[in-house]
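Could you put the whole structure together from the sequences, leaning on the hints where they help?
For the sequence shown, this note's numbering begins at 970 and goes up steadily by one.
No lab work stands behind these hints, which were simulated from the structure alone. You may find that some hints are simply not true.
[To be verified] Computed Cβ-Cβ distance ranges for the label pairs, DEER-style:
#: 1; residue 1: Pro1040; residue 2: Pro1284; range: 37 to 43 Å
#: 2; residue 1: Glu1250; residue 2: Ala1296; range: 20 to 26 Å
#: 3; residue 1: Arg1068; residue 2: Asp1257; range: 33 to 39 Å
In this text, a Cβ means the ideal position worked out from N, Cα and C, and glycines have one as well.
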Amino acid sequence: MSLKGKVALVTGASRGIGRGIALQLGAAGATVYITGRTADRSDRRFNSSFPSLETTANGNSIFSVLVYAYPEITDRGGRGIFVYCDHSFTEEVEMLFNRIKFETNGQLDILVNNVFSASLELPNVIGKSFWEYGPQLWDMINDVGLRNHYYCSVYAARMMVTRRQGLIVNIGSVGGLKYFINVPYGVGKCAMDRMAIDMSEELKKHCVTVLSLWPGIVRTEVVEGLLNSGRFDHKETVKYMKENPLESPEFSGKVVVALATDPNIRRKAGRIVIAADAGIEYKLKDTDGHEPSSLRSLKTLLSLGGFRNVASYFPIRIRLPGWVLTASTNRL
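Pasting the structure below:
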């Protein structure tokens, strides 16, 4: 699967899922713009220790220009360019897209809406009700999240509509379907899925596809923080995470590459794509060779529900239809 000649932007690619996606896009030959914040910005905003691209790039110092070659992407066969951008400032986001437009002559083929400033703060708010933490929790989670993803999609769509092609991927979560972590998190993730649906209605006639991608349980800094916090009350989930291989961040990258090279991608416009399901469809394995378990897998659902003995009788590929999951949360 080759993406040579394609231009992608992955927001929030210092580490975690964003980094994994950026690396796989680079391995497919794409030119990949990645964003992150400088260390001083990360410390100032929301008292977060969110990592910067400076740290990711082996400690390179900040020079007078914003754009650097990202060595790992380039080493894998693509062209990596990173831009220091604080996505909580709309003027910086607009400058980012203006720069891409100028440097690529208006070409942007793939946008991955991934940046999320509250990643390392989530373990600290587990167990607190929304009224106990205060209204600022909403901004901490959804400012550099839902709001920013909308802004990025607006600027990306303008470039993609002109060229009548493009793919916008919103990194979602099962938290958009069922209560998980806290109220602002669930509302933001649910809205991301809805944004993909409604944007698709307006963009499909311009040959631009928007969809939501739900990774499984990915071994990232956030997950490690949840496991180590001692306040995560989903005991069966914790057991499952400790006893089963989790998805690597790069598995989501493999899925994004497969989606971007799928000639029939428009059939998935406005849809929620579960990473493990896409792995089965496109015959993908994780970086260690294992087949990640789908969030629809009966074996996985039984294990998470505490029925591990029963789950042992089911193959990993027996999956519930998507409508069963959505029906279980229906409130009409």
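Looking at the structure, which of the earlier hints fail to hold?
Hint check: nothing fails, all pass.
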